[in-house]
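A.B. asks: Below, each chain spelled out in residue letters.
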Amino acid sequence: MFSDRSSSVLETLQMIDEDRLDIRTVTMGISLLDCADSNGAVARQKIYDKITSRAARLVEVAEGIEAELGIPIINKRISVTPIALVAGASQDEDYVEFAKTLDAAAKAVGVNFIGGFTALVDKGATPADEKLMCSIPRALNETDVVCASVNIGSSRAGINMTAVRTMGEIVRETAEGSAEAHGFGCSKLVVFANAVSDNPFMAGAFHGVQEADTVVSVGVSGPGVIKRALESARGESFDVCAEVIKKAAFKITRMGQLVGTLAAERLGVEFGIVDLSLAPTAEVGDSVAHVLEEMGLESVGTHGTVAALALLNDAVKKGGLMACSHVGGLSGSFIPISEDIGMIEAAAAGKITLDKLEAMTAICSVGLDMVAIPGDTPASTIAAMIADEAAIGVMNHKTTAVRVIPAIGLEIGDMVEFGGLLGRAPVMPTHPESAELFAARGGRIPSPVHGFRN
Amino acid sequence: MKIILTVTGLDHEGIIAGVTGKLAERKVNIENLSQTLMQGYFTMILQGSFDENQQSITELQEAMKPVEEQQQVQIRIQSDAIFQAMHTL
Numbered sequence: 001m002f003s004d005r006s007s008s009v010l011e012t013l014q015m016i017d018e019d020r021l022d023i024r025t026v027t028m029g030i031s032l033l034d035c036a037d038s039n040g041a042v043a044r045q046k047i048y049d050k051i052t053s054r055a056a057r058l059v060e061v062a063e064g065i066e067a068e069l070g071i072p073i074i075n076k077r078i079s080v081t082p083i084a085l086v087a088g089a090s091q092d093e094d095y096v097e098f099a100k101t102l103d104a105a106a107k108a109v110g111v112n113f114i115g116g117f118t119a120l121v122d123k124g125a126t127p128a129d130e131k132l133m134c135s136i137p138r139a140l141n142e143t144d145v146v147c148a149s150v151n152i153g154s155s156r157a158g159i160n161m162t163a164v165r166t167m168g169e170i171v172r173e174t175a176e177g178s179a180e181a182h183g184f185g186c187s188k189l190v191v192f193a194n195a196v197s198d199n200p201f202m203a204g205a206f207h208g209v210q211e212a213d214t215v216v217s218v219g220v221s222g223p224g225v226i227k228r229a230l231e232s233a234r235g236e237s238f239d240v241c242a243e244v245i246k247k248a249a250f251k252i253t254r255m256g257q258l259v260g261t262l263a264a265e266r267l268g269v270e271f272g273i274v275d276l277s278l279a280p281t282a283e284v285g286d287s288v289a290h291v292l293e294e295m296g297l298e299s300v301g302t303h304g305t306v307a308a309l310a311l312l313n314d315a316v317k318k319g320g321l322m323a324c325s326h327v328g329g330l331s332g333s334f335i336p337i338s339e340d341i342g343m344i345e346a347a348a349a350g351k352i353t354l355d356k357l358e359a360m361t362a363i364c365s366v367g368l369d370m371v372a373i374p375g376d377t378p379a380s381t382i383a384a385m386i387a388d389e390a391a392i393g394v395m396n397h398k399t400t401a402v403r404v405i406p407a408i409g410l411e412i413g414d415m416v417e418f419g420g421l422l423g424r425a426p427v428m429p430t431h432p433e434s435a436e437l438f439a440a441r442g443g444r445i446p447s448p449v450h451g452f453r454n
Numbered sequence: 001m002k003i004i005l006t007v008t009g010l011d012h013e014g015i016i017a018g019v020t021g022k023l024a025e026r027k028v029n030i031e032n033l034s035q036t037l038m039q040g041y042f043t044m045i046l047q048g049s050f051d052e053n054q055q056s057i058t059e060l061q062e063a064m065k066p067v068e069e070q071q072q073v074q075i076r077i078q079s080d081a082i083f084q085a086m087h088t089l
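Respectively, the protein sequence lines represent chains A and B.
The working numbering applies: residue 1 is where the first sequence begins, and numbers increase by one.
The working numbering applies: residue 1 is where the second sequence begins, and numbers increase by one.
Rather than coming from a laboratory, the hints here were simulated on the basis of the structure.
Take these hints with a grain of salt, some might be off.
[Stated by the list, open to error] Below, simulated EDC-like cross-link-like pairs (lysine to aspartate or glutamate); rule was C-alpha separation at most 20 Å, straight line:
1) A/Lys398 x A/Asp355
2) A/Lys50 x A/Asp213
3) B/Lys2 x A/Glu68
4) A/Lys107 x A/Glu142
5) A/Lys351 x A/Glu294
6) B/Lys2 x B/Glu13
7) B/Lys2 x A/Glu66
8) B/Lys27 x A/Glu294
9) B/Lys2 x A/Glu265
10) B/Lys2 x A/Asp388
11) B/Lys2 x A/Asp213
12) A/Lys100 x A/Asp37
13) B/Lys65 x A/Glu11
14) A/Lys246 x A/Glu11
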C-alpha cells in the first residue's frame with residue numbers, strides 16, 4: 001500500500017526537480033471600479049491604497065504555500081480593471097501618471113508584474129480609450145512592471161481597424177521609446193482579439209468588469225512533464241499520445257487547483273480560475289517546441305507542426321478540465337519565440353517562419369508572442385500583422401494576440417536579449433511588401449455571421 | 001498537519017537515527033515509512049503528522065537543516081496535500 005504512495009511521491013519529486021514543474025503564476029485580480037474620481041490625483045491615491053491593501057499579503061502567502069507544498073511559484077502578479085474605465089472619469093489629458101501609480105503599488109507589495117493598463121475597443125473607442133492608447137508608449141517606457149493590453153476585435157463586434165491602425169503606430173512608438181534596449185517596451189504590450197477577462201498570464205492580464213471585487217487565479221506550467229510522459233509513448237499511435245498527455249495534464253492541473261484554493265482561502269478572497277496553459281521558459285527542459293518534436297517532428301516549424309500542436313492543446317484541456325473546479329483564462333499552449341528554447345533555436349536556424357507561426361495560432365491560445373521583427377518594420381505592416389491575427393481569432397471564436405518587438409537597430413538574424421523569463425529572440429523576417437493602403441483604410445471589419453448566434 | 005518527508009543521499013550508518021531522533025524531539029509522529037537503497041543511494045519516504053498549533057511546517061523545515069548537514073543528505077518536507085491532489089481522484 002505504502003509502496004504505491006512511494007512511487008507517487010517520487011513521481012511528483014521528479015516532476016518538480018527534473019521536469020521543471022512549477023506554478024507559473026498566482027495572480028490577484030483587483031477591481032478598481034470604485035476608485036474612479038473626477039480628480040485624477042484622488043483616483044490614483046484610491047488606486048494605490050486599494051492595491052496595496054488587497055495585495056499586501058499576496059507575496060507572503062504565495063511564498064508560504066511554496067514552502068509548504070515544495071512547489072516553486074515563479075511569479076506573483078496583480079491584474080486590475082482596465083485603466084481606461086477607471087481613469088475616464090478624471091479630467092487628465094493622458095494616463096501616464098496612472099501607470100506610474102500602478103508601478104509604485106506593485107513594487108510596494110513586491111509583485112513582479114501588474115497588468116491592466118488596458119482599453120477594450122473592439123467595437124469603438126471612448127475618449128478615455130483613445131487617451132489610454134496614446135499613453136502606452138510613455139507608460140511602458142517610464143515604468144518597470146506595468147503591462148498594457150488593448151482588445152481591438154471580438155467575434156461579436158468584428159475588428160476595429162481604426163484601432164488596429166493606431167496600435168500599429170503605438171507598437172512602433174513604444175519600440176522607439178526603448179530604442180537603446182532594442183524595443184524592450186513592446187514585451188509588455190499585447191494587442192488582443194477576443195481578450196479574456198480572467199487571464200492570469202502577463203502581459204495580457206486584466207481584471208474584467210464582470211469579475212468579483214478581488215479574486216485569485218492560477219496559471220500552471222509543465223511542458224517538461226508532458227514531454228517526459230510522451231517519451232514513454234515513442235512509436236505509439238496518436239491515440240496513445242493523447243491519453244498520455246491527458247493524464248499528465250490532469251496531475252499538473254490538480255496541483256494548480258490546490259495552490260489556487262489554498263491561496264484564496266488564506267487571503268480571504270474568492271478563487272477565480274486555473275488557466276490550463278502550458279507555459280514554457282527559455283530553460284532547457286521547459287519547452288513546448290520540444291513536446292511537439294517528441295511527437296516525431298525533426299524541428300518545430302516543419303510540416304506536421306500544426307497537427308501536433310492541435311493534439312497537444314486539446315489533450316491538455318481534456319485532461320485539465322476534470323482536474324479543477326473552474327477553468328478559464330487562455331487555457332492552451334503558449335508558443336512564444338523568446339520564452340521557449342526550442343522555438344528560439346528553430347527561429348534562429350530559419351526552421352520556423354512567421355507564416356507557420358501564424359498558422360499555429362489558429363489552433364492554440366495567444367498568437368504571435370514575443371516575436372522580434374526588424375527594427376525598421378513600418379507601423380502599417382505591424383497593423384496588418386495585428387489584423388491577420390485578429391481575423392483568425394474573430395472568425396474562429398478564440399483569443400488571439402500580437403506581442404511583437406520591433407528590434408530597433410537590429411536586423412534579421414540578430415539576437416535580442418530580454419533577460420529573465422522573457423528570454424531572447426532572433427529577429428525574424430517579415431514580408432517586405434507594403435500594407436500601407438490596407439492599414440490606412442480604418443473603419444471596422446464587420447463581425448462574422450456566426451457572431452450573431454443568439 | 002500531515003507531511004511527507006523524503007531523505008536522499010549517499011548511504012551510511014545513522015541516517016534514520018539522526019532523522020527520526022530529530023522528528024521525535026519536534027513531536028512529529030511517524031505514521032508510515034519506506035526506505036530503500038538504489039545503487040548505494042539512500043532513499044527514504046516517511047509519512048508523518050504534527051500539531052500545527054505547536055510549530056509551522058517552515059519551522060520544522062528549519063529544524064531539520066542541521067540534520068541535513070550532519071548526515072550529508074537532502075531532507076525535504078512537504079504537505080501531504082500536494083501528493084493527495086496529484087495522485088488521487
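A.B. asks: Are any of the numbered hints broken by this structure? If so, which, sorted upward?
C.D. replies: 6, 8, 10, 11 and 13
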